[in-house]
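Those protein sequence lines, which keep their order, are chains A and B. Per the working numbering, the very first residue in the first sequence carries number 1; after that it's consecutive. Per the working numbering, the very first residue in the second sequence carries number 1; after that it's consecutive.
Some hints here could point you the wrong way.
Note that identical chains are pooled: a pair holds if it fits in a single copy or bridges any two copies.
With a Cα cut of at most 25 Å, we get these calculated DSS-like pairs of lysine-lysine [as the list claims (entries may be wrong)]: (1) 222 with 160; (2) 160 with 129; (3) 222 with 324; (4) 127 with 160; (5) 216 with 160; (6) 55 with 415; (7) 415 with 432; (8) 412 with 212; (9) 216 with 412.
Read the hints as simulated data drawn from the structure, not as lab findings.
Number of protein chains: 2
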Amino acid sequence: MTAPLITNGLINQLQNICGNANVFFDVESLHHYGHDETEKLLYPPDVVVKPTSTKEISQILKYCNENLIPVTPRGAGTGLSGGAIPQNGGVVISTEKLNTILEIDERNLQVTTEPGVITEVLQNAVKEKGLFYPPDPSSRGSCFIGGNISENSGGPKAVKYGVVKDYVLNLEVVLPSGEIIWTGANVLKNSTGYNLTQLIVGSEGTLGIVTKIVLKLIPLPKYDLLMLAPFASLEKASEAVSAIFRAGFTPSAMELVEIDALQIVSKMVDSYVVPIDESIAAHLIVEVDGNNLDVLMSEMEAIAELLNQYEAGEVFFADDAQQKTELWKLRRRTAEAVKLAGYTIEEDTVVPRAELPALIKGVKALGRQHNFHAVCYGHAGDGNLHIRIKKEGIPNSYGNEEMNRILRALFKLVKSLGGTISGEHGIGLIQKDFMHIVFDEANLNIMRSIKKVFDPNNILNPGKIFDL
Amino acid sequence: MTAPLITNGLINQLQNICGNANVFFDVESLHHYGHDETEKLLYPPDVVVKPTSTKEISQILKYCNENLIPVTPRGAGTGLSGGAIPQNGGVVISTEKLNTILEIDERNLQVTTEPGVITEVLQNAVKEKGLFYPPDPSSRGSCFIGGNISENSGGPKAVKYGVVKDYVLNLEVVLPSGEIIWTGANVLKNSTGYNLTQLIVGSEGTLGIVTKIVLKLIPLPKYDLLMLAPFASLEKASEAVSAIFRAGFTPSAMELVEIDALQIVSKMVDSYVVPIDESIAAHLIVEVDGNNLDVLMSEMEAIAELLNQYEAGEVFFADDAQQKTELWKLRRRTAEAVKLAGYTIEEDTVVPRAELPALIKGVKALGRQHNFHAVCYGHAGDGNLHIRIKKEGIPNSYGNEEMNRILRALFKLVKSLGGTISGEHGIGLIQKDFMHIVFDEANLNIMRSIKKVFDPNNILNPGKIFDL
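Produce the entire structure from the sequences given, and follow the hints as far as they go.
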């Protein structure tokens, strides 16, 4: 593709479509929309537009497609793989003004929403009706549901309830041509043609822009119980994780947090509810939920007993809502805290659950070999381990040859354990160079060809997931 | 595509690849592989081959692709949309000799299997390890897991546990070119590139041939309870269905069977466990499962109370394993029984759950208007209604203009209710002409283009889902 022409004509066109008040090209805006939460990257766009309807997005895409202008769709900018970074300049389309929950269908347990609604706002709105939308990325207080669709996000509840893809029934999508389609139907089962819905979920804004979302809801469980178990060894902790599932339990959360990360986040949020001392290497956070409190209590006891067999220290049960909130706050703010402490590079590896001990061991060995610090935390029940890396003088992996060598070794290890690069953050900008480690050229060719089906001119989020 | 050349060269080639004993072109074989369970259709292929390895399938596809010979992949031939019918002749590849369960991974709660394993055999094998693979199409005693992948099958348990797509982690697929890919990784969460796994699931053998399957398993619930509730009105029964979910219950099965169907199947299997009299229009079958019997008992009571509010007659609780087996046998053999009774045409409509009463009402009105008999049954909890149609002198919908007019009216109704054509049977051969009722041309163009990405020569199951 030749370099895009960002001209006054483009600005005028965007202003005609969306109104002057929704088009931005001041330095501050361009800086703000030039980064997300990924590493320390900054690539300002040429112009930012905040459409207020599907029709406006359609008109913008049609114009940009005809004029070969790159467009980067953006939710709340909380992404961790650079999916919303406009590294080629061009237009950023922010969905922040498409922020209405359109319908909570209590008859069918479904919600229809625009993409710019904050995930937690959506969760709370359906909760008021006794309904539950489980996927809860750590950033749920600020991320948009549209971004969650793009990255196929997960979160702690995924281990029992599944990820975003398991709740998406139907999507309104604007194609790069400006055409508007619905991908499916508002039904729980669907064998009608290729599953375009699932193709769009997790496609990171490279195939179309999602403008309406129909999600499945489930009844809200009445109770949850939470406990925290300290371990003297990271590997023992991760062995215990896999034992719990083998014993037939399905906790509603099963998180692992390494002690270094807990130390950092405890200090940042000034909370010391979690025991931290030299004998502890990591904590497991275990939650169960359901409608019968007695059943949950006996489940919790049985799980605690099992954890003891894996050399857990004294288990701490969260007694009330306040303690639970405190514990979850610590867990949810871990990424932010360790990033502020210099662990700017985050990986989102995922392996079969029982391979977690091997992965953790391998990460630590790589750290010693290549002289970097790593702290690990994440959704251990899913085998999804976030690895935060601090290496003196190297704030970004993207564009750094030394860091890339290290990550190649990491992903080769992950692949050898039956895992893959990303469990819930996406590939985006920063991990595309590693796709060939987990996929054959035949897979990548299919993906590239699918991209061309949707976006023959490569205007929509170009340079993400793979290069064409 | 020009007419294929079926020559001795082809036969020789197949014999070279698979051995003489695995290539069939006798009349009986061609007849057997010329139909599945769909209507009364018969289109014999030119030759049937039964490969014993992925490599053989790769060699066959490569040859057929180079020589533009149509290939129809086939599981157990239990399909209901004609997906395995070789209406263009050519080669049928039967997966019946790829029938090994390769590994039950108890550490990670996964199973890896070949496609020609009977679904119930797979379920029983993992059950022995205390594990559960829930999707259970009515034909599970004879259908293959590979066919289930192709059609994204469901079954009674889907209402609580989801359909096939919710359990597929990774697939080995032979592309029409002969290339062999794995679509994903053996992990519970995956945001690494486009979701090729979900694109293959439900693609009805038009994009590639699945040769290995990795499925997620869950712990086997310890108990289940089953009850049967008679209703004087079909619409009241279907209103009750939606009320149960609104009240916060998630049964592990929620089936509706119209009395005419029950009458026919009871007679066929010579079982009269289900009350049949003139005051009854339909029965609901409700199952709950879990690990705590007391909890299940009180759930069952609460559901029975709710059913009473919707004018259920006397509820029958299945007391023991034998009664449960008897009830399920009746339900599972309904399709076969009503087909034998002349209801040869089956539709697989799906609507949002609360629209079931409107759909049933509409079906009955269409029957009066167009002079056909319809019996309804199916997975009411999912809004997935099977409609079996008997019309004097018209055994097939495929190729019958009068029946097509009726089905167009039916699918327009379904679409107007927010539903779609197929919940779990697929589009196959017989429903492709109705795709434009539920999809815009833009959707269909995308699907056709995706087909061309995988199969540029249109050799693999051509003429299924849509025409190119």
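Hint check results:
Proximity of residue 222 to residue 160 under the C-alpha cut-off of 25 Å is found in both arrangements, the shortest distances being 15 Å within a copy and 18 Å between copies. Proximity of residue 160 and residue 129 under a CA criterion of 25 Å is satisfied in both settings, with 22 Å inside one chain copy and 20 Å between copies. With identical chains, the CA atoms of residue 222 and residue 324 are at most 25 Å apart within one copy only, with a shortest distance of 15 Å there and 30 Å across copies. For the identical chains of this complex, residue 127 and residue 160 are neighbours both inside a copy (18 Å) and across copies (20 Å), given an alpha-carbon limit of 25 Å.
Both within a single protomer and between protomers do residue 216 and residue 160 lie at most 25 Å apart by alpha-carbon distance, with minima of 16 Å and 13 Å respectively. For a Cα distance limit of 25 Å, the shortest separation of residue 55 from residue 415 across copies, 23 Å, qualifies, whereas the shortest one inside one copy, 43 Å, does not. Taking the shortest alpha-carbon separations for residue 415 and residue 432, only the intra-copy value of 15 Å comes in at or below 25 Å, while the best inter-copy value is 40 Å. Taking the closest pair of Cα atoms, residue 412 and residue 212 come within 25 Å of each other only across two copies (23 Å); inside a single copy the shortest separation is 38 Å, beyond that limit.
In the homo-oligomer, the alpha carbons of residue 216 and residue 412 lie at most 25 Å apart only across protomers (23 Å), although the nearest pairing inside one protomer, at 36 Å, exceeds that limit.
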